[in-house]
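Taken in sequence, the protein lines are chains A and B.
For the record, in the first sequence the residue sitting at position 76 is 76 according to full-length UniProt numbering, with numbers rising by one throughout.
For the record, in the second sequence the residue sitting at position 330 is 330 according to full-length UniProt numbering, with numbers rising by one throughout.
Treat the hints as calculated values from the structure; they're not laboratory data.
A few chain A residues that don't get close to chain B, going by computed Cβ distances all over 10 Å:
{"#": "1", "residue": "L49"}
{"#": "2", "residue": "S72"}
{"#": "3", "residue": "S104"}
{"#": "4", "residue": "L113"}
{"#": "5", "residue": "E129"}
{"#": "6", "residue": "T138"}
{"#": "7", "residue": "T179"}
{"#": "8", "residue": "A378"}
{"#": "9", "residue": "V396"}
{"#": "10", "residue": "T444"}
Calculated lysine-lysine pairs in the DSS-like style (CA-CA distance at most 30 Å, straight line):
{"#": "11", "chain 1": "A", "residue 1": "K107", "chain 2": "A", "residue 2": "K76"}
{"#": "12", "chain 1": "B", "residue 1": "K349", "chain 2": "A", "residue 2": "K279"}
{"#": "13", "chain 1": "A", "residue 1": "K16", "chain 2": "B", "residue 2": "K349"}
None of these values were measured; they are calculated from a predicted model.
Quick reminder that beta carbons are idealized off the backbone N, C-alpha and C, glycines included.
There are 2 protein chains.
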Amino acid sequence: MEEQETLLLEIIAAIKNEDTHTLRQFLDEIHPYDMAQALLQLDEDERVLFHKLTDEELADLIEELDYEEQQSLLQKLGPARGIRIIEKMAPDDAVDYLGELEESERKEIISRLNPAFAADINQLLRYPENTAGGLMTTEFFVLYATDTVERAIQRLRELAPDAESAYYLYVIDEKHQLTGVISIRELIVAPPETLVEQIMSERVVSVPVEMDQEEVARTMSNYGFLAVPVVKGNKMVGVITVDDAIDVLEEEASEDMMKFGGITGTDAGMQDLSIGPLKSAMGRIPWLVLLLGVGIMAGNIIAFFEDTLDAVVVLAVFIPMIAGMAGNTGTQSLAVVVRGLTMGQFKGKDVWRLIRREAVVGVFIGLVNGLIISIVAALWQKSLMLGFVIGLSLSVTLFFATLAGTIVPLIMAKMKIDPAFASGPFITTINDLVGLTIYFTVATLFMQYLI
Amino acid sequence: MEEQETLLLEIIAAIKNEDTHTLRQFLDEIHPYDMAQALLQLDEDERVLFHKLTDEELADLIEELDYEEQQSLLQKLGPARGIRIIEKMAPDDAVDYLGELEESERKEIISRLNPAFAADINQLLRYPENTAGGLMTTEFFVLYATDTVERAIQRLRELAPDAESAYYLYVIDEKHQLTGVISIRELIVAPPETLVEQIMSERVVSVPVEMDQEEVARTMSNYGFLAVPVVKGNKMVGVITVDDAIDVLEEEASEDMMKFGGITGTDAGMQDLSIGPLKSAMGRIPWLVLLLGVGIMAGNIIAFFEDTLDAVVVLAVFIPMIAGMAGNTGTQSLAVVVRGLTMGQFKGKDVWRLIRREAVVGVFIGLVNGLIISIVAALWQKSLMLGFVIGLSLSVTLFFATLAGTIVPLIMAKMKIDPAFASGPFITTINDLVGLTIYFTVATLFMQYLI
Numbered sequence: 001m002e003e004q005e006t007l008l009l010e011i012i013a014a015i016k017n018e019d020t021h022t023l024r025q026f027l028d029e030i031h032p033y034d035m036a037q038a039l040l041q042l043d044e045d046e047r048v049l050f051h052k053l054t055d056e057e058l059a060d061l062i063e064e065l066d067y068e069e070q071q072s073l074l075q076k077l078g079p080a081r082g083i084r085i086i087e088k089m090a091p092d093d094a095v096d097y098l099g100e101l102e103e104s105e106r107k108e109i110i111s112r113l114n115p116a117f118a119a120d121i122n123q124l125l126r127y128p129e130n131t132a133g134g135l136m137t138t139e140f141f142v143l144y145a146t147d148t149v150e151r152a153i154q155r156l157r158e159l160a161p162d163a164e165s166a167y168y169l170y171v172i173d174e175k176h177q178l179t180g181v182i183s184i185r186e187l188i189v190a191p192p193e194t195l196v197e198q199i200m201s202e203r204v205v206s207v208p209v210e211m212d213q214e215e216v217a218r219t220m221s222n223y224g225f226l227a228v229p230v231v232k233g234n235k236m237v238g239v240i241t242v243d244d245a246i247d248v249l250e251e252e253a254s255e256d257m258m259k260f261g262g263i264t265g266t267d268a269g270m271q272d273l274s275i276g277p278l279k280s281a282m283g284r285i286p287w288l289v290l291l292l293g294v295g296i297m298a299g300n301i302i303a304f305f306e307d308t309l310d311a312v313v314v315l316a317v318f319i320p321m322i323a324g325m326a327g328n329t330g331t332q333s334l335a336v337v338v339r340g341l342t343m344g345q346f347k348g349k350d351v352w353r354l355i356r357r358e359a360v361v362g363v364f365i366g367l368v369n370g371l372i373i374s375i376v377a378a379l380w381q382k383s384l385m386l387g388f389v390i391g392l393s394l395s396v397t398l399f400f401a402t403l404a405g406t407i408v409p410l411i412m413a414k415m416k417i418d419p420a421f422a423s424g425p426f427i428t429t430i431n432d433l434v435g436l437t438i439y440f441t442v443a444t445l446f447m448q449y450l451i
Numbered sequence: 001m002e003e004q005e006t007l008l009l010e011i012i013a014a015i016k017n018e019d020t021h022t023l024r025q026f027l028d029e030i031h032p033y034d035m036a037q038a039l040l041q042l043d044e045d046e047r048v049l050f051h052k053l054t055d056e057e058l059a060d061l062i063e064e065l066d067y068e069e070q071q072s073l074l075q076k077l078g079p080a081r082g083i084r085i086i087e088k089m090a091p092d093d094a095v096d097y098l099g100e101l102e103e104s105e106r107k108e109i110i111s112r113l114n115p116a117f118a119a120d121i122n123q124l125l126r127y128p129e130n131t132a133g134g135l136m137t138t139e140f141f142v143l144y145a146t147d148t149v150e151r152a153i154q155r156l157r158e159l160a161p162d163a164e165s166a167y168y169l170y171v172i173d174e175k176h177q178l179t180g181v182i183s184i185r186e187l188i189v190a191p192p193e194t195l196v197e198q199i200m201s202e203r204v205v206s207v208p209v210e211m212d213q214e215e216v217a218r219t220m221s222n223y224g225f226l227a228v229p230v231v232k233g234n235k236m237v238g239v240i241t242v243d244d245a246i247d248v249l250e251e252e253a254s255e256d257m258m259k260f261g262g263i264t265g266t267d268a269g270m271q272d273l274s275i276g277p278l279k280s281a282m283g284r285i286p287w288l289v290l291l292l293g294v295g296i297m298a299g300n301i302i303a304f305f306e307d308t309l310d311a312v313v314v315l316a317v318f319i320p321m322i323a324g325m326a327g328n329t330g331t332q333s334l335a336v337v338v339r340g341l342t343m344g345q346f347k348g349k350d351v352w353r354l355i356r357r358e359a360v361v362g363v364f365i366g367l368v369n370g371l372i373i374s375i376v377a378a379l380w381q382k383s384l385m386l387g388f389v390i391g392l393s394l395s396v397t398l399f400f401a402t403l404a405g406t407i408v409p410l411i412m413a414k415m416k417i418d419p420a421f422a423s424g425p426f427i428t429t430i431n432d433l434v435g436l437t438i439y440f441t442v443a444t445l446f447m448q449y450l451i
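Work out the full structure, taking the sequences as your base and the hints as a guide.
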């Protein structure tokens, strides 16, 4: 990839020197992604040279940018040119951009697009963003079942579809019903006079237009598909390509991570720096306030045992250790379960296998850590009995905490609540309560030996 | 996808009824992934009907299975048939399977493969598993720069390469140097007498054989590539397809989640149920013991302030709340930063923007939560001063905890330590220490007003 970095530097140099000739040479050869990277590394005033690109080149480039960058570039190019560029974009990318705009601005732009493109856009905007319909493009190429191979190749030549959608060719009948699929390779190796329906595969995996985008992405990933057709009834209405599926999987992993960290919000894409501090804080404060409530409950447990604590103040020394460790081991189990659930594992009898395994893990973890802390505590506070109380409490706590970290997300999944919401902080705080209750109960039971 | 589930049930019914005829009909049409799903839902003794499949069909099926299932099926088919099936697998999938075996068993199998296939396998086994070389397949189709389009299409027809590698056609010169790329579509729409080198794109993005697999996957995802050629020097030695890149991205997200949860281990694929409880516990105990040590340090802080605590025992009531909240807010920032770093964000000046934003977020979060807890604490313990001490401590703690959750992973990334290792439990426990120190320092300062 060093070659790519050198290339980037060369492009940037050409732009800074306003060397339009060199830039033009690059444009014919390089990928729009590289061009977008070059643009992002330039200051606003250095970006004016990009205005000399053709509308098609700018459309390709803009597809690679984030919404904020898209908007800033389109605004600088002026409304008339902006319209021409949007018309050159892939419909699904154009919809992603337009979907982010204020409704009045969106309607204004759409009213100025050419009617055919505007109709496509309006149709796509009607599908919820997180469904197959919101992900698909309506620009696809189909073959007719009753065409000969020769005719089909002829059509392919004439229409020269975008590379993006042309790895599999979907076959439809006269009613626009999806009836088969064939790869370009199968088409060109077949005898010219054969009918498409004779060589196509009739079992096409398709997704309904209303399917959740994560399910679409996971289907494509499971089958190793590069594209999947989208149907409404049996009628083919669009195509989803694997690059969009990858974006969905990435977004899903980000969301899991955010929820796991205890961050809520509609898109939870908090790693995006364009989200300001106030909005970012608003996405985090609800959980924190909830957890503050749980923290007060933990305080109640300690208040309940205040007599024990007053008699043996040294017990307070181990409060953070007990609470912390309960949270830590619970988070470990949680990570295992949440990721497994996201990946579509743990079905049927696997659930019991998982719970049994985590229970045994909890016993191991409890024994090892309990033994260590009992020795440390006994030596440090010079009390064998204190060592015993702390070690026993920690062992029991870790066992329950491991199980809680396993079972809580599984129950959530069963109740159709996203298990990632059993986020780290949530399990941590629940386990704090459990740990403190066990600790002070054990300590109170053995109180007479501690004083 | 209901259609797929119906299909699965039909296949399973056909197998249970030993209806070989129906099964054969399905086999011609369905995707190996569906066949593999059917197999997994059957008991061991019901799987014998699969033995009637052809070697090719079994090879396709086995590519879709996990290692344990692959091994169990191949063992039942016997060694001679196993060899024939392995020879029919894609070299990269065969290597993934063989790589998991004991060395002696692997060598035994390779020695019985046909020499050409064995040579491919041995070459692939030489590349580390987590590099481009370990990910690529050596089975690819190339065009010659000096061929005409007609001749190239002729070659394509004759060799009929696997669909997997035939979306882009890479072009090499007489020295096997990678010189260009062309899509099948571009080839078939070009005039037959044109030379390949006249219409190919000369700027091919390729990856070196030793590149880390995550970098490969991210490159493919950025460019939206369906395949990328792998080079050694300039010589083309393999191809990586997007389905393998997706697997790498999924694995990476799993690993981040595990590290975030405080689970170590070479592959950290703990959501895999075939990992037993002892091994699973061993992957978690190191962190827990480390964090146990930190927990004891937290105890030391409390021990240091034992006089304060002895005088105002009620301070203990708020220990878990202060420690817990410090951990919670730190984990939130951590999730944002770790995910952003994984996605390749936060370069250059973005780092400062991020730190500034998180600092402001920390102030918001601190003020809101500090205000709430000061009112609650004042009312609950009927002490305005206690409310003030707790509220002030929590505000300051949350500000520092948010910053720590941001800065620690950034420093780790700078030091080339995987920032995901600044895992939830680690930041949580560090922030416990900070929180407790701030809390008891503030309390000691205002001590005279609390008694």
